[in-house]
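**Q** Chains as they are written, first to last, in the working numbering: chain A, 3 to 355; chain B, 15 to 266.
You may find that some hints are simply not true.
Claimed, not checked - Footprint (simulated), chain B over chain A, 3 or more residues, beta carbon under 8 angstroms:
1) 77-83
2) 216-227
3) 272-285
4) 298-308
5) 315-329
Claimed, not checked - Below, computed lysine to aspartate or glutamate pairings styled on DMTMM-like, alpha-carbon distance capped at 25 angstroms:
6) A:K123 <-> B:E69
7) A:K248 <-> B:E69
8) A:K342 <-> B:E69
9) B:K88 <-> A:D249
10) B:K88 <-> A:D324
11) B:K235 <-> A:E106
12) A:K123 <-> B:E81
Keep in mind that the hints were calculated from the coordinates and are not lab data.
Backbone N, C-alpha and C fix where the C-beta goes; we use that ideal spot for every residue, glycine too.
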Amino acid sequence: MKRTIIMNGRHLVWGICFLLLGASVYILFRNPYELLFSSWIGLDLETTVEPLIIAGSNNIFVGSLPTFFHVIAVSYLTFGLLNIPRRLQLWIPLLWFLINTIFESFQLIEQPWIDPDDEVKLKLFGWFQNYFVSGVFDWNDILFGLLGALVVSCHLIISQRNVSEKNNYSKHKSIPRTLLYTSIGIISLGSIMGTSLIECTHDDSHLCYSHTRYEPTYLSYSELRTSINTETDKALSNTGKIYVYKDYLFVNSINNGIFIYDNTDPTDPMFVVFINIPGNIDLAIKNDTLYVDSYIDLVVIDISNLQNIQEVDRIENVFQYDQYQNVPHNIYLGYVDSSKGVVIGYKEKQKDE
Amino acid sequence: MNKIKYFLVLSIVVLTACGDGTGTGAQGNANASTGTGGSMARFSIVDNMLYAISENNIQLVNIEEPESPILWDKINVGFGIETLFTYDKYLFIGSQSGVFIYDYSNPELPEYISEFTHARSCDPVVVEGNFAFVTLRSNSRCFGNSNQLDILDISDIQHPHLVKTYPMHEPYGLGIVDEKLFICDGDEGLKVFDVSDKESIELIEQQVDVSCYDVIPTTSKLIVSSSSGIPQYNHQGNELITLSEIPVGLND
Numbered sequence: 003m004k005r006t007i008i009m010n011g012r013h014l015v016w017g018i019c020f021l022l023l024g025a026s027v028y029i030l031f032r033n034p035y036e037l038l039f040s041s042w043i044g045l046d047l048e049t050t051v052e053p054l055i056i057a058g059s060n061n062i063f064v065g066s067l068p069t070f071f072h073v074i075a076v077s078y079l080t081f082g083l084l085n086i087p088r089r090l091q092l093w094i095p096l097l098w099f100l101i102n103t104i105f106e107s108f109q110l111i112e113q114p115w116i117d118p119d120d121e122v123k124l125k126l127f128g129w130f131q132n133y134f135v136s137g138v139f140d141w142n143d144i145l146f147g148l149l150g151a152l153v154v155s156c157h158l159i160i161s162q163r164n165v166s167e168k169n170n171y172s173k174h175k176s177i178p179r180t181l182l183y184t185s186i187g188i189i190s191l192g193s194i195m196g197t198s199l200i201e202c203t204h205d206d207s208h209l210c211y212s213h214t215r216y217e218p219t220y221l222s223y224s225e226l227r228t229s230i231n232t233e234t235d236k237a238l239s240n241t242g243k244i245y246v247y248k249d250y251l252f253v254n255s256i257n258n259g260i261f262i263y264d265n266t267d268p269t270d271p272m273f274v275v276f277i278n279i280p281g282n283i284d285l286a287i288k289n290d291t292l293y294v295d296s297y298i299d300l301v302v303i304d305i306s307n308l309q310n311i312q313e314v315d316r317i318e319n320v321f322q323y324d325q326y327q328n329v330p331h332n333i334y335l336g337y338v339d340s341s342k343g344v345v346i347g348y349k350e351k352q353k354d355e
Numbered sequence: 015m016n017k018i019k020y021f022l023v024l025s026i027v028v029l030t031a032c033g034d035g036t037g038t039g040a041q042g043n044a045n046a047s048t049g050t051g052g053s054m055a056r057f058s059i060v061d062n063m064l065y066a067i068s069e070n071n072i073q074l075v076n077i078e079e080p081e082s083p084i085l086w087d088k089i090n091v092g093f094g095i096e097t098l099f100t101y102d103k104y105l106f107i108g109s110q111s112g113v114f115i116y117d118y119s120n121p122e123l124p125e126y127i128s129e130f131t132h133a134r135s136c137d138p139v140v141v142e143g144n145f146a147f148v149t150l151r152s153n154s155r156c157f158g159n160s161n162q163l164d165i166l167d168i169s170d171i172q173h174p175h176l177v178k179t180y181p182m183h184e185p186y187g188l189g190i191v192d193e194k195l196f197i198c199d200g201d202e203g204l205k206v207f208d209v210s211d212k213e214s215i216e217l218i219e220q221q222v223d224v225s226c227y228d229v230i231p232t233t234s235k236l237i238v239s240s241s242s243g244i245p246q247y248n249h250q251g252n253e254l255i256t257l258s259e260i261p262v263g264l265n266d
């Protein structure tokens, strides 16, 4: 007999089919760049591809189906590539379920453990760190992994019984049949998931992204860095954080700037001036110097003369670029081009684009 | 000349800070030259250091030269840190996984002391005396499913421990002064608790119509940031007496 690397072609095909099924969940419903191999084969999907059907990753099917497919796929791949003695075969799905569970449990780790300056470690283990830290532990994943292992075990038990009954009926027809079943499976699963996602259209639910496509609107860096000015007839809106300094009350208007009131008489606070600071959320004051955030920058403002408020210094790029600072989290922004500036909002994407 | 001025300011800062060993209950007013923020603050100034939360880190900014600050150290604290509160010589950091306590006796080098971890949620923290008051909130942005007030005993700062948990509706900012605890509790409005007995706190006042976000209490007054404006109250006695309200959407 000729020895080949492939021990069992049928199982190998099944494994690959289920791998593709798992991948299709990512491509259809989640962020395609979550696919591990996309970075291995050099595809920089992160910034260029959106899922075909935009849905929330918190949906139980979208969130946990890949685990289900993964356990099945790697179990069959193991049978396909290794010559597993029959008495050990039942252990394989269990083993892969355990490996999946261990990986899932590592997602309970919430803090990066690699020193950001350690480039070698980052290169070797960066992906794992990213996976563990950014991934969210979910009992559903473990449940779905167990279900996957059960499916494989059941199939093994049935097929072993069939073999022992010398029922070789399906032997040479198995590959086309597998393909047929797989495609039927994809279609039916797709429609099940599709219908379960149809209810996911409410924009206010954090479980779902909206189905409408949006794109970001930008404020260029040069505009961001020249837009601090004052206004004396501005109505208070979007109240955020508050800050008391001397007899003055500072009120942040979320992402807009700061309203200053003379609060010497708390029964009658008097509006003094509004400082326009795009992307402002926080503030602190010392010795008549106001420190604020403006999207990614830290800005220093001299407030010793409230009639003549001036930006005196700015440290650029202190804060993380956050495309969702001024955009609700259920809006899927798609491709964000950070070279165009900071994201200050979103608009509906035109269909012909 | 400027140098002398800064030296004078610095010595006043140091002196007032030293004279204020027990803390004052509100954030950042240990000395007169800085202001006071609410519990949701992510910026805090200690001596010549500005602490600013940036992602999972605290960015230290040296503001010795007030108008030309220098980026200083960056301290990696942990996942999803949200709020800063300074009390006595300690920095209390509210995060999505718990409260971290740092000692900032040397403001240039805050040192990790301890932490109290809990279920994932958003949680500002305020401190008075030997107790820290932490609210846990869960909603679309904050994970978890707990809305509650945790009272922690921090008399042993190395080992903070839970005294008691009280259920809340959807708590945002909070403030404490003289054992009176003010909590912004989502749709249930602004609540005032008497917390002199930590084992059994008592709701003494509730303003349901104030959808508030954060509060700054002083001994007699309370300033509130709410979606409808900035109301101010006198809270002496057991009820809130409205002093004024700066409304949104109206020019002064």
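**Q** Hint by hint, say whether it matches the structure.
**A** Verification of the supplied hints:
Taking a C-beta to C-beta cut-off of 8 angstroms, the stretch 77-83 of chain A contributes 0 residues in contact with chain B, too few for the three needed, and the coverage statement is violated. Check on the stretch 216-227 of chain A: 0 of its residues sit with their Cβ under 8 angstroms from a Cβ of chain B, so the three-residue criterion for coverage is violated. Figure legend: the stretch 272-285 of chain A, annotated as covered by chain B; annotation consistent (5 residues with Cβ-Cβ distances under 8 angstroms, at least 3 required). Given as covered by chain B, the stretch 298-308 of chain A passes the check, having 3 residues with a CB less than 8 angstroms from a CB of that chain where 3 are the minimum.
Interface restraint, the stretch 315-329 of chain A with chain B: holds (5 residues with C-beta to C-beta distance below 8 angstroms; minimum three). Proximity of K123 (chain A) to E69 (chain B) is assessed by CA-CA distance (about 22 angstroms); at most 25 angstroms being required, the pair is judged to hold. For the suggested pair K248 (chain A) and E69 (chain B), the alpha carbons sit about 30 angstroms apart, so the restraint of at most 25 angstroms is broken. Of the supplied pair hints, the one linking K342 (chain A) and E69 (chain B) holds, its CA atoms being roughly 22 angstroms apart against a limit of 25 angstroms.
For the hint linking K88 (chain B) to D249 (chain A), the alpha-carbon distance of about 33 angstroms lies beyond 25 angstroms, and the restraint is violated. Taking the CA atoms of K88 (chain B) and D324 (chain A), the gap is near 19 angstroms; set against the 25 angstroms cutoff, the hint holds. For a cut-off of 25 angstroms, the pair hint linking K235 (chain B) to E106 (chain A) is broken: about 50 angstroms separates their Cα positions. Between K123 (chain A) and E81 (chain B), the direct Cα distance comes to roughly 39 angstroms. Violation of the 25 angstroms bound is thereby established for this hinted pair.
The structure does not agree with the numbered hints 1, 2, 7, 9, 11 and 12 stated previously, though it agrees with the rest.
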